[in-house]
Each structure stands twice: as C-alpha cells, then as structure tokens.
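Novice: Chains A and B, in that order, are what the protein sequence lines are.
For the first sequence, full-length UniProt numbering gives the first residue as 1, with consecutive numbering after it.
For the second sequence, full-length UniProt numbering gives the first residue as 1, with consecutive numbering after it.
Treat the hints with caution; some may be incorrect.
Identical copies look the same in the list; a pair holds intra-copy or inter-copy alike.
[What the hints assert, rightly or not] DMTMM-like mimics (lysine to aspartate or glutamate), calculated; alpha carbons at most 20 Å apart, straight line: (1) LYS149 to GLU90; (2) LYS186 to GLU196; (3) LYS186 to ASP206; (4) LYS149 to ASP204; (5) LYS186 to GLU113; (6) LYS186 to GLU151; (7) LYS149 to GLU188; (8) LYS186 to GLU148.
Think of the hints as simulated: they come from the structure by calculation, not from any bench.
Being a predicted model, the structure only gives us computed values, none of them experimental.
Number of protein chains: 2
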Amino acid sequence: MLFFTQCFGAVLDLIHLRFQHYKAKRVFSAAGQLVCVVNPTHSLKYAPTLCAAAQTSTGQGILPPYHHHEAVHDPQLVPCMCPLFSCPWEGHLEVVVSHLRQTHHINILQGAEIVFLATDMHLPAPTDWIIMHSCLGHQFLLVLRKQEKYEGHPQFFATMMLIGTPTQADNFTYRLELNRNQRRLKWEATPRSVLECVDSVISDGDCLVLNTSLAQLFSDNGSLAIGIAITTSKVHNSEAEM
Amino acid sequence: MLFFTQCFGAVLDLIHLRFQHYKAKRVFSAAGQLVCVVNPTHSLKYAPTLCAAAQTSTGQGILPPYHHHEAVHDPQLVPCMCPLFSCPWEGHLEVVVSHLRQTHHINILQGAEIVFLATDMHLPAPTDWIIMHSCLGHQFLLVLRKQEKYEGHPQFFATMMLIGTPTQADNFTYRLELNRNQRRLKWEATPRSVLECVDSVISDGDCLVLNTSLAQLFSDNGSLAIGIAITTSKVHNSEAEM
Numbered sequence: 001m002l003f004f005t006q007c008f009g010a011v012l013d014l015i016h017l018r019f020q021h022y023k024a025k026r027v028f029s030a031a032g033q034l035v036c037v038v039n040p041t042h043s044l045k046y047a048p049t050l051c052a053a054a055q056t057s058t059g060q061g062i063l064p065p066y067h068h069h070e071a072v073h074d075p076q077l078v079p080c081m082c083p084l085f086s087c088p089w090e091g092h093l094e095v096v097v098s099h100l101r102q103t104h105h106i107n108i109l110q111g112a113e114i115v116f117l118a119t120d121m122h123l124p125a126p127t128d129w130i131i132m133h134s135c136l137g138h139q140f141l142l143v144l145r146k147q148e149k150y151e152g153h154p155q156f157f158a159t160m161m162l163i164g165t166p167t168q169a170d171n172f173t174y175r176l177e178l179n180r181n182q183r184r185l186k187w188e189a190t191p192r193s194v195l196e197c198v199d200s201v202i203s204d205g206d207c208l209v210l211n212t213s214l215a216q217l218f219s220d221n222g223s224l225a226i227g228i229a230i231t232t233s234k235v236h237n238s239e240a241e242m
Numbered sequence: 001m002l003f004f005t006q007c008f009g010a011v012l013d014l015i016h017l018r019f020q021h022y023k024a025k026r027v028f029s030a031a032g033q034l035v036c037v038v039n040p041t042h043s044l045k046y047a048p049t050l051c052a053a054a055q056t057s058t059g060q061g062i063l064p065p066y067h068h069h070e071a072v073h074d075p076q077l078v079p080c081m082c083p084l085f086s087c088p089w090e091g092h093l094e095v096v097v098s099h100l101r102q103t104h105h106i107n108i109l110q111g112a113e114i115v116f117l118a119t120d121m122h123l124p125a126p127t128d129w130i131i132m133h134s135c136l137g138h139q140f141l142l143v144l145r146k147q148e149k150y151e152g153h154p155q156f157f158a159t160m161m162l163i164g165t166p167t168q169a170d171n172f173t174y175r176l177e178l179n180r181n182q183r184r185l186k187w188e189a190t191p192r193s194v195l196e197c198v199d200s201v202i203s204d205g206d207c208l209v210l211n212t213s214l215a216q217l218f219s220d221n222g223s224l225a226i227g228i229a230i231t232t233s234k235v236h237n238s239e240a241e242m
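Next up, chain A with everything else stripped away, as it sits in the complex (with noise of 0.2 Å):
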C-alpha cells in the first residue's frame, strides 16, 4: 500500500513539475529564446561580509574557524561566490566554474540572449538565484538577490560579474530587462569582475534594484522572468544617445 502511495506522489510530482516546464515554454516559446528556471537559494545563515573579508583581511563577517583571512591573501584568489552557502573555498579565477558546477550545481548556459527565470520570489530575504552564462568566450555569473537593505523593507537586486579580471569585464556589456503588465524595465552597464565582490556591488546599489511592488508587477505566478544579454562594449556615449 505504501509504495502504491509513493508512486501516486511522485506521479504527481511529474504532472507538476511538466505543468511548470510547460508553462515556462509556453511564455517565452514565442522569442524562441533559451529560458532557465532557476530554483532559490536560501540559508539562515548569512555571511555578507564574506568577501569583504576576503579583500581586506579585515572582514567581521562570521567567518569558519578554518577560513584564514589573517594571512597575507592572494589578490587573485576569488572566494566562493555563493555567499549564502558559507561556503569556505577560495580559489583563482581559472577554477571558479567548475568549483561552482561540481560544489554547487549551478547550471551553465550558452547563448548571448538567454532568459532567467526565478522562482518562487515570495520566500523570505536572504535569498540568492545564481546561474552561469558562457558567452563570447567567457563566464558570466548572473545573481538576483533579495535582502533587506532596510529592516522589513525586502528588495531584489540583480548584477552580473564576469567570471574573469576588471580589464577583461571592461570589454563587455550586459543588459537585463523586465517586461510584463505594459511595463519596461531595462538596466543596462558593464559587468564587474568576480574579484570585485557581489556583496559590495549590491549593498552600493549599483545594480538593477526592484522594491517589492514592483518584482510582482513583473512576475508571473511568483515567477520572475529576466531577459539577458551579453554584447561586447562600444564606447558609451552617454549623451549623444540620449
């Protein structure tokens, strides 16, 4: 009887999750765009500071015993760019997708317009949505974050990081857009380099930012759909553009 029950749930598991895979195609079909349904990321124990730790050996961030920022540090070591997992590896530049893949499962993606879909957005702050982007020749690193800048204030915040050095972010631009309910939003600037640190570029805000009003505006079904791409940089020319 019981395992009759466990077939009946996992048949039903399969009808929901083709119902969301379906509805995921139906959506963007239309574009003929790649979409990938990204699952959240959510942990209790939240180390911000993580990175800034990293870069300045001065962090206060809660840190491992085994992580040992005291010693002299390596500019060219990244630190594990899921800070919500408190994950203590550091690592260079060469080996961070495949720490990212094989520790983490973060899937990658080819292609130079991609859509990211994230799910499940009203879970509570903090909460990470982390893939890969493999474009032009180098890794991307998509991260929408919702945190609480603001106590009881949640708000999403959604950056791109090259998976490579300052220099070589300079030569690229990304753009992430929001479309839905007759509204547009698009953010367009040039990507940074993990080893500038996604905690810093979130909490100066220099990244696409959403309150909460408007991320449900956008979402469909508690779904948020991002248009990504990636474009190598022209000179901007801010004000003949406008």
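We have chain A; now place chain B onto it with these hints.
Specialist: Just chain B, lined up with the frame of chain A:
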C-alpha cells in the same frame, strides 16, 4: 555704493545662469534635443495624503481648514498636482494646465523627446521637480520626487501623468531614460491619469525608482538628466519582445 554692489551681484548671477545654461546646452547639444532645466520645489510642510483625501474623502492629511473634503466629491475634480505647495485648489481637468502654469509657474515644453535636467539633487527630502510636457495633442506632467520611504534613506521616484482621463492615458507609452557613467536605465510604462493621484503611484513604487547612490552615478555636478519620450501605445507583447 549700495547700487554698485547690487549691480555687481546681478552681474554675478547672470554669469552663473549663463554658465549653467551653457553647461546644459553643451551636454545635450549633440543630440539636438530640447533641454529643460528644472529647479526643485522644497517645502517643509508636506501633505502627502492631500490627493488621497480628495479621492476618498476620508484622508488623514493635514488639510487647510478651507479644504471642504467632507462634502460629496466630484470624481472629475482634480486637486492641485503640486502637493508640496499644499495648494487647496481643485478644478476640472480642462483647467489644470492653466492653473499649474499661472499659479505655480510650471514650465510647459513641446516635443516628442525632451531632456529634463533636474538641478540640486542633493537637497533634502521631500523635494519635487515638476514640468509639463505637451506632446501628441495632450499635456503630460513629469514628477520627480525625492522622498524618504524608509527613514534616513531618501529615494528618487519619477513618473509621468496624463492631464486627462485613465482611458485617454491608456493610449500612450512614456519612456524615462538615464544614461551616464557606462550605465543605462530605462523605464517604460503607460502614463497614469492625474485623476489617479501622483502620491499613490509613488507610494506603490509603480514608477522609476532610484536609490541615492544610483542617482549619484547618473548625476553630473548635482544635476540629473532624464530623457523623456512619449509615443502612442502599441499592443504590449510582453513575452515575445523580451
């Protein structure tokens, strides 16, 4: 002697204004667009619920004693769109433009694409920057507001309202664009009608929202340039266009 001192002061003022004007022209002349330098409007007496009171007749704002909102309210009556002035005026849609021009000296600009140059962004909240924009046979009101939704954290909110009915407003799309320092932020939406109240649009956050650090990145010498374009609405095909 006093006369000469005053003359000297006036000459200095003229030089300063000429410099400001030249600076604005220099920045945008390449695009051949109309630039409107908009000075802020600051008031210590802030009555954010003025409009809500006008809509519901149950507002709790500090209203002047001669503001008879207890009476049955004509839904087509628009309270004055300059809440910071605490102006008790109310009138029908047809006379809103002349009231704003004559009583509050709000500029009106012609053209499908203009640049709104808000000066003195550093002024403390609450502060408003307002212009009217005449385009496609209608008048629109652009409101940029600096407000502290969360105490100690001022934010900037920009929205466009049609001086017309909600049905008329549905025929248009407005775009606000910031472009500087290798960053670009675009907001596109259907304008709201002035009958709907600018305060509620801003408190809902259903507009372009900028935190202070992002506003600084987009500013030049304390002035923020916002490119404005208005078009007649096409059917928004949210998914296909992403």
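Novice: Reference check for the pair LYS149 and GLU90, CA-CA at most 20 Å: within, between, both, or neither?
Specialist: Intra 27 Å, inter 39 Å, cutoff 20 Å: neither.
Novice: At most 20 Å between C-alpha atoms: does LYS186 with GLU148 qualify within a copy, between copies, both, or neither?
Specialist: Answer is neither: 23 Å inside a copy and 24 Å across each miss the 20 Å cutoff.
Novice: From the Cα coordinates, with 20 Å as the cut-off, is the pair LYS186 and GLU113 best called within, between, both, or neither?
Specialist: For LYS186 and GLU113, both the intra-copy (14 Å) and inter-copy (19 Å) Cα distances are at most 20 Å.
Novice: Is it within, between, both or neither when you check LYS186 against GLU151 at 20 Å Cα-Cα?
Specialist: This pair counts as neither: shortest intra-copy Cα distance 27 Å, inter-copy 28 Å.
Novice: One pair to classify: LYS186 and ASP206, alpha carbons no more than 20 Å apart. Within, between, both, or neither?
Specialist: both (14 Å within a copy, 15 Å between copies)
Novice: Pop the pair LYS149 and ASP204 into one bin, within, between, both or neither, using alpha-carbon distances up to 20 Å.
Specialist: Close inside one copy (11 Å) and across copies (18 Å); limit 20 Å.
Novice: Within a copy, between copies, both or neither: which one fits LYS186 and GLU196 at a CA-CA cutoff of 20 Å?
Specialist: So LYS186 and GLU196 fail the 20 Å test inside a copy (23 Å) and across (26 Å) alike.
Novice: Between the shortest in-copy and the shortest cross-copy C-alpha distance, which are at most 20 Å for LYS149 and GLU188: within, between, both, or neither?
Specialist: For LYS149 and GLU188, the Cα distance exceeds 20 Å both inside one copy (23 Å) and across copies (26 Å).
Of the numbered hints stated above, those contradicted by the structure are hints 1, 2, 6, 7, 8, listed in ascending order.
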